[in-house]
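2 protein chains.
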Amino acid sequence: MRRAWLAIAILPLAAHSASSADAPAVKPRAMADVIAASKSTDWRSLDPQNTLYLELPQGRVVIELNPKFAPRHVANIKTLVHERYFDGLAIVRAQDNFVVQWNDPDNKRPLGSAQKTLDAEFSRTANELAFTPLPDPDSYAAEVGFVDAFPAAREPRTHLAWLVHCYAMVGVGRDDDVDSGNGTELYVVIGQAPRQLDRNVALVGRVVAGMEELSALKRGTGALGFYEKPEERTPIRSVRLAAEVPEAERSHLEIMRTDTQTFADLVESQRNRREEWYKVPAGRIELCNVPLIVRPRT
Amino acid sequence: MRRAWLAIAILPLAAHSASSADAPAVKPRAMADVIAASKSTDWRSLDPQNTLYLELPQGRVVIELNPKFAPRHVANIKTLVHERYFDGLAIVRAQDNFVVQWNDPDNKRPLGSAQKTLDAEFSRTANELAFTPLPDPDSYAAEVGFVDAFPAAREPRTHLAWLVHCYAMVGVGRDDDVDSGNGTELYVVIGQAPRQLDRNVALVGRVVAGMEELSALKRGTGALGFYEKPEERTPIRSVRLAAEVPEAERSHLEIMRTDTQTFADLVESQRNRREEWYKVPAGRIELCNVPLIVRPRT
Chain A
1 MRRAWLAIAI LPLAAHSASS ADAPAVKPRA MADVIAASKS TDWRSLDPQN TLYLELPQGR
61 VVIELNPKFA PRHVANIKTL VHERYFDGLA IVRAQDNFVV QWNDPDNKRP LGSAQKTLDA
121 EFSRTANELA FTPLPDPDSY AAEVGFVDAF PAAREPRTHL AWLVHCYAMV GVGRDDDVDS
181 GNGTELYVVI GQAPRQLDRN VALVGRVVAG MEELSALKRG TGALGFYEKP EERTPIRSVR
241 LAAEVPEAER SHLEIMRTDT QTFADLVESQ RNRREEWYKV PAGRIELCNV PLIVRPRT
Chain B
1 MRRAWLAIAI LPLAAHSASS ADAPAVKPRA MADVIAASKS TDWRSLDPQN TLYLELPQGR
61 VVIELNPKFA PRHVANIKTL VHERYFDGLA IVRAQDNFVV QWNDPDNKRP LGSAQKTLDA
121 EFSRTANELA FTPLPDPDSY AAEVGFVDAF PAAREPRTHL AWLVHCYAMV GVGRDDDVDS
181 GNGTELYVVI GQAPRQLDRN VALVGRVVAG MEELSALKRG TGALGFYEKP EERTPIRSVR
241 LAAEVPEAER SHLEIMRTDT QTFADLVESQ RNRREEWYKV PAGRIELCNV PLIVRPRT
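Chains as they are written, first to last, in the numbering used here: chain A, 1 to 298; chain B, 1 to 298.
Chain A on its own, in the form it takes in the complex (with noise of 0.2 Å):
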């Protein structure tokens, strides 16, 4: 009986809304009716040319690329899956509370036609950027919200906007310089958002299924979470781009768009939760803890 705790309430609950004034109009309701009512415009599905499916033994991980905040350094990594850069490599790091990682743990695999180096891509021009912002307050940044479902920053001071480090994300691993970054190692958050790496190095995608196969991987135990034996790393059997994978292969899945009245109703059930097991609304919500939806394709 107890561990019904935090279950999503199914049955649509009437409720007065709690919503700020300054919040778009919302209706209020537990997440899983705003989703059950969603619409098919409601959803996007991945494009093939943005996705990568990262293969392990216990399963497959897919990676939706946003090659708008980050373009060089998407299309480093999408010349370095297709010459097959990364297969037979491995997960070399799982550092608790923190990050994952895969690289060439001898370093010294050939880059192909990749570039050894690329500029800093760590923020880019806000402007003609689509923003749906949060009414929120956050720790780090003006103002968060989300660019094609994407969690997102921008200063209206400097006109800028960047990617943000949430669960899920994943990254281009680099030396000190700003340039040293190329795409061959790549890490992925497992943890509270280090949102101390915010505009520090260059985010390209997010997981966005198979997360549990990267999160629960055991922890290194050498320094920053490296593993000490090579046994002890998970061997990555290949890394794809969807395109290049036959149709039937492909993981056929759609995301919930941020741009819509959908998903504002979508953040508002999870500001004040419907649920019964709620008894004092947050009425506020962190860019991070706004779930991704994803969904098979209908």
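By construction, these hints were calculated from the structure, which means they are not laboratory data. The beta carbon of each residue, even a glycine, is placed where N, CA and C say it ideally should be. Fair warning: there could be bad hints in the mix.
[Unchecked claim] Over the 12 Å line for every Cβ pair with chain B, so calculated as not near, a few chain A residues: (1) G88; (2) T125; (3) R174; (4) K229; (5) R257; (6) N272.
[Stated by the list, open to error] Have a look at the derived ranges for each label pair, beta carbon to beta carbon: (7) A:H82 with B:T260: 53 to 59 Å; (8) B:R157 with A:P156: 28 to 34 Å; (9) B:P235 with A:A142: 46 to 52 Å.
For this one, chain A is given, so just place chain B on it according to the hints.
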């Protein structure tokens, strides 16, 4: 070479202070330097009367209880532990980016001397509670900071204070009724801080060592991350109060105090990183990104 990224610099770095005008005076240093320069009075030992050892097949998890916020719940848990209620039970749930949880999966173990229901202890009066505030805004609460090195929040308007759901915090599962939690079912946060739970549930402590034994557990594939098969559960060998364990078998740990100048310096080292890798200092910090600093007793 690239794998050096995010390393904590050990060398002291000469740099100007970037602290805000409102923050206490702090010395701009990297975290490692702040810790290295700390004095014995900057630390406190764990109290054996408020420390639990959760013994799993893979190792020990050390939990520090805080009786200031939920004294009835802490007392009931200590009664359950003293009477060996948890021995032989199991971790029954691991929901990705949320919580792991343990209980009596058969729900038939007798409660012994423990109470079956407890009045809610989700917040308390902030009066007479030594509170070290953080200088930066929070998405959820008017003010956040630390009480005895536990992350906490307080509301000047209502004079209430409560513990906050950061990574590794330990709470008491309950059913829909606010008095239905009694400590027989406990959960630990393993992902992005689920702050919507704040003030809705009794937080009783947090994991101070062995967190990786919980966070890396295979996720459950049932609803809400419950394991579908009994053999997927992790058995609990025992839960013991440190005071009831022979001195030689105890984990002797110290926690960095949060009511000191050293801690103010540490917070500043995380608000504005001094390590060479960082190019854009955040200038801010979110409560749950302030690290808990633990060391073996010296």
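Hints, one by one, checked against the model:
The claim that G88 of chain A lies off the interface holds: its Cβ sits roughly 18 Å from the closest Cβ of chain B, which is beyond the 12 Å cut-off. Every CB of chain B is more than 12 Å from the CB of T125 of chain A (nearest about 16 Å), matching its label as outside the interface. For R174 of chain A, the condition that its CB be more than 12 Å from all CB atoms of chain B is violated, with the nearest at approximately 6 Å. Interface exclusion of K229 of chain A from chain B stands, the closest Cβ pair being 16 Å apart, more than 12 Å.
Every C-beta of chain B lies more than 12 Å from that of R257 of chain A, the closest at about 22 Å, which supports listing it as non-interface. A cut-off of 12 Å between C-beta atoms contradicts the statement that N272 of chain A is not in contact with chain B; the least separation is 9 Å. Separation of H82 of chain A from T260 of chain B is about 54 Å and conforms to the stated range, judged on CB atoms against 53 to 59 Å. For the pair R157 of chain B and P156 of chain A, the supplied restraint of 28 to 34 Å holds, since their beta-carbon distance comes to about 29 Å.
Against the hinted window of 46 to 52 Å, the Cβ-Cβ separation of P235 of chain B and A142 of chain A comes to about 49 Å, which satisfies the hint.
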